[in-house]
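Asks: So the protein lines, in turn, are chains Y and U. Be aware that the first sequence starts at 1, since it is given in full-length UniProt numbering, and climbs by one per residue. Be aware that the second sequence starts at 1, since it is given in full-length UniProt numbering, and climbs by one per residue.
Worth flagging that the hints you see were computed from the coordinates, not collected in a lab. Any given hint could turn out to be false.
Restricting the straight-line Cα-Cα distance to at most 27 Å, the calculated cross-link-like pairs of lysine-lysine (DSSO-like) are [said to hold, decoys possible]: (1) Y/Lys28 / Y/Lys384; (2) U/Lys316 / U/Lys180; (3) U/Lys316 / U/Lys28; (4) U/Lys384 / Y/Lys348; (5) Y/Lys384 / Y/Lys348; (6) Y/Lys384 / Y/Lys180; (7) U/Lys384 / U/Lys348; (8) U/Lys384 / Y/Lys316; (9) Y/Lys316 / U/Lys28.
What follows is the residue order along each chain.
2 protein chains.
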Amino acid sequence: MMGLAGGSHLHILLALLVTSICTVRSIKLDVSGEAIASQLLHLATFTDDPNPAVTRIVFTENDLLARGYVKELMTAAGLTVREDPMGNIFGRWEGTDPNAGAVVSGSHADAIPLAGAYDGTLGVIGPIAAVAALRRAGYRPRAPIDVLMFTSEEPTRFGLGCIGSRGMAGELTAALLDEKLDVNGTSFKEASTAAGYGGSSHQEILDGTLIAKGGVAAFVELHIEQGPLLEAEGTQLGIVTAIAAPAALRVFFSGDGGHAGALLMPNRNDAGLAAAEVALAVEASVLETGAIDAVGTTGLFEIGPNTVNSVPREAKLEIDIRDIDATRRDAIVASVLQTVEEVAARRKVRHRVEMINQDAPATCSNQVIQAATEAAQELGASHKQMVSRAYHDSLFMARFAPTGMIFIPCRNGWSHRPDEFATPEDIERGVKALALTLAKLAGSADAAHSEL
Amino acid sequence: MMGLAGGSHLHILLALLVTSICTVRSIKLDVSGEAIASQLLHLATFTDDPNPAVTRIVFTENDLLARGYVKELMTAAGLTVREDPMGNIFGRWEGTDPNAGAVVSGSHADAIPLAGAYDGTLGVIGPIAAVAALRRAGYRPRAPIDVLMFTSEEPTRFGLGCIGSRGMAGELTAALLDEKLDVNGTSFKEASTAAGYGGSSHQEILDGTLIAKGGVAAFVELHIEQGPLLEAEGTQLGIVTAIAAPAALRVFFSGDGGHAGALLMPNRNDAGLAAAEVALAVEASVLETGAIDAVGTTGLFEIGPNTVNSVPREAKLEIDIRDIDATRRDAIVASVLQTVEEVAARRKVRHRVEMINQDAPATCSNQVIQAATEAAQELGASHKQMVSRAYHDSLFMARFAPTGMIFIPCRNGWSHRPDEFATPEDIERGVKALALTLAKLAGSADAAHSEL
Ligand SMILES: [Mn+2]
Ligand SMILES: [Mn+2]
Ligand SMILES: [Mn+2]
Ligand SMILES: [Mn+2]
Numbered sequence: 001m002m003g004l005a006g007g008s009h010l011h012i013l014l015a016l017l018v019t020s021i022c023t024v025r026s027i028k029l030d031v032s033g034e035a036i037a038s039q040l041l042h043l044a045t046f047t048d049d050p051n052p053a054v055t056r057i058v059f060t061e062n063d064l065l066a067r068g069y070v071k072e073l074m075t076a077a078g079l080t081v082r083e084d085p086m087g088n089i090f091g092r093w094e095g096t097d098p099n100a101g102a103v104v105s106g107s108h109a110d111a112i113p114l115a116g117a118y119d120g121t122l123g124v125i126g127p128i129a130a131v132a133a134l135r136r137a138g139y140r141p142r143a144p145i146d147v148l149m150f151t152s153e154e155p156t157r158f159g160l161g162c163i164g165s166r167g168m169a170g171e172l173t174a175a176l177l178d179e180k181l182d183v184n185g186t187s188f189k190e191a192s193t194a195a196g197y198g199g200s201s202h203q204e205i206l207d208g209t210l211i212a213k214g215g216v217a218a219f220v221e222l223h224i225e226q227g228p229l230l231e232a233e234g235t236q237l238g239i240v241t242a243i244a245a246p247a248a249l250r251v252f253f254s255g256d257g258g259h260a261g262a263l264l265m266p267n268r269n270d271a272g273l274a275a276a277e278v279a280l281a282v283e284a285s286v287l288e289t290g291a292i293d294a295v296g297t298t299g300l301f302e303i304g305p306n307t308v309n310s311v312p313r314e315a316k317l318e319i320d321i322r323d324i325d326a327t328r329r330d331a332i333v334a335s336v337l338q339t340v341e342e343v344a345a346r347r348k349v350r351h352r353v354e355m356i357n358q359d360a361p362a363t364c365s366n367q368v369i370q371a372a373t374e375a376a377q378e379l380g381a382s383h384k385q386m387v388s389r390a391y392h393d394s395l396f397m398a399r400f401a402p403t404g405m406i407f408i409p410c411r412n413g414w415s416h417r418p419d420e421f422a423t424p425e426d427i428e429r430g431v432k433a434l435a436l437t438l439a440k441l442a443g444s445a446d447a448a449h450s451e452l
Numbered sequence: 001m002m003g004l005a006g007g008s009h010l011h012i013l014l015a016l017l018v019t020s021i022c023t024v025r026s027i028k029l030d031v032s033g034e035a036i037a038s039q040l041l042h043l044a045t046f047t048d049d050p051n052p053a054v055t056r057i058v059f060t061e062n063d064l065l066a067r068g069y070v071k072e073l074m075t076a077a078g079l080t081v082r083e084d085p086m087g088n089i090f091g092r093w094e095g096t097d098p099n100a101g102a103v104v105s106g107s108h109a110d111a112i113p114l115a116g117a118y119d120g121t122l123g124v125i126g127p128i129a130a131v132a133a134l135r136r137a138g139y140r141p142r143a144p145i146d147v148l149m150f151t152s153e154e155p156t157r158f159g160l161g162c163i164g165s166r167g168m169a170g171e172l173t174a175a176l177l178d179e180k181l182d183v184n185g186t187s188f189k190e191a192s193t194a195a196g197y198g199g200s201s202h203q204e205i206l207d208g209t210l211i212a213k214g215g216v217a218a219f220v221e222l223h224i225e226q227g228p229l230l231e232a233e234g235t236q237l238g239i240v241t242a243i244a245a246p247a248a249l250r251v252f253f254s255g256d257g258g259h260a261g262a263l264l265m266p267n268r269n270d271a272g273l274a275a276a277e278v279a280l281a282v283e284a285s286v287l288e289t290g291a292i293d294a295v296g297t298t299g300l301f302e303i304g305p306n307t308v309n310s311v312p313r314e315a316k317l318e319i320d321i322r323d324i325d326a327t328r329r330d331a332i333v334a335s336v337l338q339t340v341e342e343v344a345a346r347r348k349v350r351h352r353v354e355m356i357n358q359d360a361p362a363t364c365s366n367q368v369i370q371a372a373t374e375a376a377q378e379l380g381a382s383h384k385q386m387v388s389r390a391y392h393d394s395l396f397m398a399r400f401a402p403t404g405m406i407f408i409p410c411r412n413g414w415s416h417r418p419d420e421f422a423t424p425e426d427i428e429r430g431v432k433a434l435a436l437t438l439a440k441l442a443g444s445a446d447a448a449h450s451e452l
C-alpha cells in the first residue's frame, strides 16, 4: 500500500509537473508589434511639444490625457482599474488563488522635455498587450496579474524620480515630499489632488500608497535598452541582472556679478565659469575610473542673470553620476565634491551642494531572471544577461519584491530624445517574452485550459 | 576813425568775451543730490523684479511707466517733450539762436534683469535736474539744449544694444531690425507700435529717427563709472576720452543628446561640455593678452533639454569681448572662434557662430573734454581723464556728433546688480559738472542775465 500509494502519488506529481511545463510551452501568443507600436504613437500625441518629440510632465493636462488612454486600454483588455493616492494605476487580472500575491508588470508614461515615444510607455502598453494575448490564448492565471503605470518616474517636475515606486516601497518620507516643490511652488500633494488623486497630507498619501513586503510576488519591467549593446551585437532580448543607481547632486555657485564691460578681469568672481569647470570635472572624474559602466552628466546648467553683458552672478548645476558599483560611483561623487570646493576657493565664489539622491543599486531576482530566460528560450530568441544603466521604478520595486527587467534593442541606443525608436518586430518579441514570463511567475489556473 | 573805431570794437569784443567767461563762472547752481537720488529710487520702482533689483525691459509695462515719469519730470522742468518713432524721448529747452544745433545730454532708463537703480537713469534724470538748476540760476542758452532718453540701450529684448542711438546715427538697417525678434517672436516694429511709437515698417521707423550730421552740436552723457577706479583713487569726476566697444557673438553647439544613465561616455557628444570649454577659453584668451583693458564674458549660457537625466543636446552661449584697442579685441575674438572650431571637431558636435556686433571704439571730442574739464575745475572737483569700458549710446552719438562723457564714482565699481550705488554727494557733483558743461557748450544768450 505504502509502496503502491507512494508510487501513485509520485506519478500524479510528475504528471502535474509535466503538465505545468507544457502549459507554458503550449501558449500560442497572438501579439502584433505593429498594433502596439501604433498605440505607443497614439500615446505620444499627448505631449507639450510637437511630435516626434514627447514632453509629458506628471499631472499636466497631457499626462492626464495619457492616463485616460492607458485606463481605456486596460479596460478593453478586461483589466479592472484601480488607482492609489499617488496616482499609480493598476489594471488587475484576477487569479484563481485568492491567497496568492500579485505578479506585477509596469513602467511609466511620463516623459522628460523633448523625449521620445518608447521610454517607459513600452512597459505600460506592452503588458496590457501581453495580458490580452495570454487571455486570448486561453491561459488563466493562478496568482493575480497587475499591469501598473507608475507616477512620475522622471524627476522633471519635482526634482525626484520614481516617486510612485518609492512611495509603494516605503522609501519616501512626508518630510521629503514636503520639500519637493515644482518651479511654480506647487507641492506633490497639491498637484496630485488637482489631478484627482492626492489626500489631505503627504503622510496620508504615502500611507495609502505603501505596499507591504510580500504584497507583490514578483515584478517585471519591459523596457527599451536605452543603450547600444543589444542592437550592436544583434541580440534580441536583454535579461537584466542588476540596475545601476544614480547619485544626483545639485551645485550652486554665487559670485558678485557686475558689468561685462566695466568689471576688470582680476576683480571678477564669475559663478558661470566655476560651474563650467565643475561640469568638465564631472566628465574627467568619470573617465579617470576607466570603467565603461561609470557615467556622469551635468544635465542642468543655469546661470543668472544670463544676459550677454553681465558677469554671471549665480550658477546652478544638476549632476547625475551612475555606476553598477556603488563604491566606485561614490568615489566619483567625492571627487566632484572636492572639485567644487577647490574651484569655489580659487574663484572666490560662494557654493552650496545638495545631494538629491544617492540610491543603492539593485540586484535582480533569480526567480524572475530564470522565468525570463526560459521565456526567451521558448521563443527561440537570442538573449543575454546585462545590467541596466538607466534608472527605473524596478530599482525601488526590488526593495520589497523579487524584481527583474526585460530589455529590447532600441535604435542606436538612443533614448530621451525625439528619435528614440524600437522596431515593431523587437516590440512584438519583447511583449511575447514578457507574457510568457508573467505566465510562468503567476502559474496556471487550469492545465486543461492551457493545452491549446 | 579806423584806429578809434577799431579800438572801440576791440574793447566791446573784449568786454563780451570777459562777460562770457564770467557768465559761466558766475552760475550759482542749486542742485540737491538727495532729491535726484530719490527720483532715481522712484524710477527704480518701475521694475519687473522687487527692489533693490531693477529689471526694466524696453516697451514692457514698467518701461512705459518709467517713460511716463521721465516725461513728467521733463515737463516740470519746463522742457518741451517730443518723441521719435523709435521711442527716443527729447525734452527741449529752446535757445535764442534759431540756427544753432542742439546741445544734447542723455542716457537710457532700461535695465537688464536684476540690475540696479543708477546705470543709465542718472544720465536721464541728471540732465533734467541740471537744466532746471541752470534755469533757476538765470542762465539762458544760446543753442537749444535737449535732454534725451534713448530707447533700448540694453540688448536684453532684441539682442542688440543702443537701438535708439544706432537709429539716430544711421547705423542700423531695416533688414537687421527685421531679424531681431524677441523671445516671443515679436519684432521691434510690433513692440514699438504697441507702445505708441513705431510705424508701418522698420524703414519708416528708421527714416523718422535719423538725425543728420550736424543736427547735434554736441552730446554729453553723465554716467556712473561702472568700474572701481574713481572710488579707489578718491577722484571725484572722470572725463572720458574714449569708449571701448564690445564684440558680441553667439555660439551654438548641438550634439545627439541621450539618456544620462544609458549613454556610455565614449558614445557621447555633449553640447554642454563643448560650451563649458568655450566659456573657459574666453577667459583664458583675454588673460593671455595681459592687458587690463581687455575683458571677456560668457554672460549667457543655456543648454537643452536642461534636465538632470539627459546628456545636453543643445547649447547656446552669448559672449562679450571688449577692449579700447580694436585690434587686440579682434585678436581675442579670433582666438575664441578658433577654440569653437577645435572643440566642435574634438567633441564631434555641430556648431554655428553668429556675430551679434563688432563695433568700433569711439574717441571723444576735444571740445566736450575741454568743457567738462573747465566745469570740474570751476567746481574745485578732482578729476581725471579715463576710458569707458562699458558700452554707451555715446558710442553711436560719436559717429555723427562731437561727444563726451562724465563719470562719477560708484560703490565698488559695481553695476548691473541690485546693490549698484552712487552717493548723493557724487550725484550732486556730477550733475553740477554736467550743467556747467552744457552751459559752456550751448553758450549764453544774454550776459546781463547771467551775472547773478
Ligand atoms: Mn526616462
Ligand atoms: Mn524609463
Ligand atoms: Mn547697462
Ligand atoms: Mn548704461
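Asks: Tell me, in ascending order, the numbers of any earlier hints that this structure violates.
Replies: 3, 4, 5, 6, 7, 8, 9
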